[in-house]
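Engineer: Each protein sequence line maps, in turn, to chains A and B. Everything in the first sequence is counted per my numbering, starting at 1 for the first residue and increasing by one. Everything in the second sequence is counted per my numbering, starting at 1001 for the first residue and increasing by one.
Rather than coming from a laboratory, the hints here were simulated on the basis of the structure. No false leads were mixed into what you were given.
Think about it this way: if two alpha-carbon atoms lie no more than 20 Å apart in a straight line, the pair counts; the simulated SDA-like pairs of lysine to any residue are:
#, chain 1, residue 1, chain 2, residue 2
1, B, LYS1313, A, MET133
2, B, LYS1313, A, SER38
3, B, LYS1313, A, ASP114
4, A, LYS478, B, ARG1539
5, B, LYS1515, A, GLU598
6, B, LYS1313, A, TYR39
7, A, LYS499, B, GLY1432
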Amino acid sequence: MALPRINLRLLLFLVSGLLAFLLGFVLIRGNPAVMVVSYGGYWFMFAAFGLWLHALWESHSSEMNFASIKRLDPWVAASVLLGSLLLLVHEQKAFKILMDEVMLLSTSMSMHFDRTAVSVMRANDLGGSFVFMDGLIDKRPLFHPFCLSILHDLFGYRPENGFFLSGLSAIAFLAMVARIGQIYVGRAGAILSVSLFTGLPLLAQNACGGGFELLNLAMLTATFLSSLRWLERRDGASLAVMSLSAVLLLQVRYESVLLALPIVPLVLWVWLKERRVIMDWRVVVSPLLLVSYALHYQVFKLAPNHWQMMSKPGYDKPFSLSYVGENLVAAAKFYFGTPSEHPSSILFSTLGILGVLASVVICALWLRRLRSRTAAEVVALCFLGGLALHFLLMMAYFWGKFDDPIIRRLSLPSHVWFALALLVSLSVWRQAVRLTWVLCAVSALFVVGVSLPATARHLHSDFYSPSRETQWRMDHVKANPDRDFLIIDKDSFIWITQKVSATTVAAALQRRDALQFHLRCRSFSEILAYQHFVVDEKTGVQSVIPEDDLGKDIDLEPVWERRITQTKFARLSKVVAVRLDGVEQRSGEPHARPANPEAPPAYQMRREHLEEMLRNLP
Amino acid sequence: MLGFKLVEPDQMKHMLSQGGYYFISLTFLLFVGSVLAQTWRLPRRWPSLHAWLTVAAGCALVFMADRVGHKIFYDESVLQCTAMDMYEHREVGTVYRAFWFGDTWATLDAYFDKRPYFFAYLVSLLHDISGYRASNVFWVNAALVPVFLSLVYWLGKRLGGARAALVSVLLMGSLPLLGHCALSGAMEVHNLTMLAALVCLSVVYLETPERLNLASVCLATVLLSQSRYESILFSGAVALVIVLGWVRRGRALITPELCLLPLFLVPALWHNRIIDATPSLWELKPGQVSRFSLEYLVENWDGLLNFHFHLGKQFPNSLLLSLGTLVLAPVGIGIWLRSRPRGPFERGNEVWWGWAVFSILSGILTIVLLFYYWARLDDPMASRFALPSCLFAALGCAGIYSRIAGRYGWVLYAGRLSFCLYMAASFLPKAGCRFYTHSNLLHAQVEWDIAQIKARPGVHRLVIAGDSVTPFIAEQIPSIIMDRARRRLALVRHQLEVGNVSEVLVVQTLVPTTKDGDFTLQPGHELPDSVKLETVALRRFGGCLRRISRVVSIDAAE
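The following block holds chain A by itself, in its conformation from the complex (with noise of 0.2 Å):
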């Protein structure tokens, strides 16, 4: 009896997956798994981005030439720019949420410099150079850094690199997008779709700040035409390219591998559809590439309150079925929110919501004729899939409010969603061109009318304070070049992303000698403390609140606040004095003392001098 032909390649890519599964989830726990992430999570992702670059040039480089750019269909590309502008000139170029951006920053910046994956936690000035003190592993995934590490490297370290890496992510988007809507329906397509997403102000927000949604989105689009590609080409090349776009794209948000599932069934379509199994080099080693994914979540793991449920009092269960009902009611306001309440399009909501309707009878259609369905409505049918899912998954989680101004983000996915299935429905109509033009008409009205002008007033961002916060605190340090201060902050990170040196409110406490230390040897210029001010609506009585209280032995000096709210308000104060046991140490020029020609030889003091200077950071 002749044994089956076994395809080597397909056993090495089974091979290497177990390995991967065995690395990832079995033989590597604890402390060597955060070892692997930090010091292995950068190099995993420059692997990983280096092999779908070489795939993308293999896949692509005969067809890039000049006549590809005469192809390209003006009035698509037209509304593709026009749309990119629409969409980054209004908003404000800022950190929209307190953690995440910065973390992602924080992330960046210790790849740019040590090509270590950590948040940088304590970073000191020592004599010129920025110092990196202390860390840890952020729960969020490794590639947006990465990417943005590039540009650190390319242009120099700058917290504004996050913008631009949003702002490019965006216009890849907006143009990928474009050419999935002129794939469905043609050039009406191409522009209803763009023009969807110009007006969605929450788009326009993301665009402008410096998280990780708009990279997410531009890689689920990438995923997308790769996988069509697939299902066209059928070969090795354009394989790698759609297995690695999955693999990086998983490594965006944590959510994003349920968007990632999808090539899972395009695959397996294929090679039954060919009757032989195709695979590539690249492919087989791509299992590997995602062992730092999975030991990254073995370290989320390890954080107690991981899922940080204390945040909000009442869940106990991260993802539950009984969430699904108050989400998909705080989903219902955002997508059919005032512009001034929520960052969202209800011409987009409503298009989207029927496209979404009609799409599940059409799939339903497909499946009974599987066999004889075109490349593209493959496509669309598995990811419509695993866009549902993801909807499904965002309704059944803890947090999965989208009227919440963090949460609104999340929405994102869901949009392509609806994008994706409107064009899909208008695609099995025959009257759509006609319909879609009319769309567009109302989609470009809708722009003008009502997108344009509620982002540019972006009222329903003014509600979130920590953005604006994370703005004053980037003016004070442009307004101060030098950086020549200490700043006491509980969230110092942000300060550290500015290369500032930093320390938390806990540290400075704990660590009253080593203030004293600083302002007796005027190691910085200035100690500030950034603090917040609660008013007592009856009697008007500031009071810090306890998580910022320096308690009574630190006397500060205002030098400029902030009102927050009515009733809150931000301060940077200046540390004049620091009290310990009964000893006074006030800031001031540190008294030169007359030479004394039996001291050590100065180099030898300098050095001291320095070591001690360090001991004594908090």
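With chain A fixed as given, assemble chain B onto it according to the hints.
Structural biologist: Relative to chain A, chain B alone:
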């Protein structure tokens, strides 16, 4: 006779100071004329797109590697002050006393410095065009980068075609030390450019040993000897190249330029004799008595190995170049032995002969430097001495690599992968951190001083500097050294009283006396108690504090 016997050091100093500018102008003019005449005879052809893109990529790497600013304390500002004197007085001297008289910047005193002055001359030419600007020194260096990389490309292409050209440019461009020097005000990149130009001209001469080509080689040798002190040693390589050309030609080619070459080298010899006769210019460290000694060998050898094979980010070395040389050198020797060369008579090998002769001289120079008192390559101030050897190593690696990569595909892939890994793991993090630049606290202090002083309202002021006056003079800020201020305190008070100077600022360093700080003034930075000071700015640099104070009053008793 002229170089060693007939003229005394003082006379040499006077003659060089007064005539040095005209001598270097004449040599430079002849050199440019000679090279233009050479190129005029060549067929008119634009460089290929490959060449443009390669040189552009190399320049991008160099300019990414560091930030623009001074890197070598004292050296660079001295060159700026020399260029200032050449621009204003057509003399070779380093300005150390200058003041504003109304709106006129008047340079009063200059001294003859040990540094060769061809680079300062080029900066003065730019001043002639743009007017005096302290930043011109950076522009000259920036402009030299594409010139240097084009010469490297040319040599690489001759050694092994387009691939070798690309590899040699990328190897040099990705050497952080090159970016470190190219974005400074030092003369290193200029020296390297002249060296590469000399090698190119030598190759052209070896290919066609005729009068004009020989003239260019001779003039380039003279200019190279005026680019850095030790570059005069390459005259030995030139002598060998000239003889090789004669051998290829079958008879000696004696031209007027060749006969004049020893005379043109006399100023460089004089310069070296002046340095020999002026120990104060040697800048020996405490405990050292001579510039060259066997006792420096072990330490310098350690420094050399430490620099070239350092894995971290502390030094601006290129591990790719060091390891590449280590791997490819035996391969190259193997190829050379198997090819059974027939000496300089074999056509097509001229570039390899040119490269070999200059590489040997570069090796000798490295050996000589091992005995020099300040040549520990892992010292940020001395790392730059590695540049010439790195140039020849890069060219050699590129030539050998292109030969074997053409035959074995895996070598090609290994090379590409090595370059990508080196860029990601070493070059880019180094370019991001730039520890070797940030660790130079002296320059950070002076940059801060100048920024603080310039930020003050525009009045006529005098700066009393603790360390050196040249960084301030180069920025056209009148400045005197602390010691002079102590001796001429009455004059300083007088200038303040009559209003010639509206403000006197004092720049001092406070050093710790204990580990807890307890600062005192750095020795040499003290002023008498009669000078009452008011602190204007204070900042920590490493373990020290830098203080800028305003003189409030000076008691008449002093």
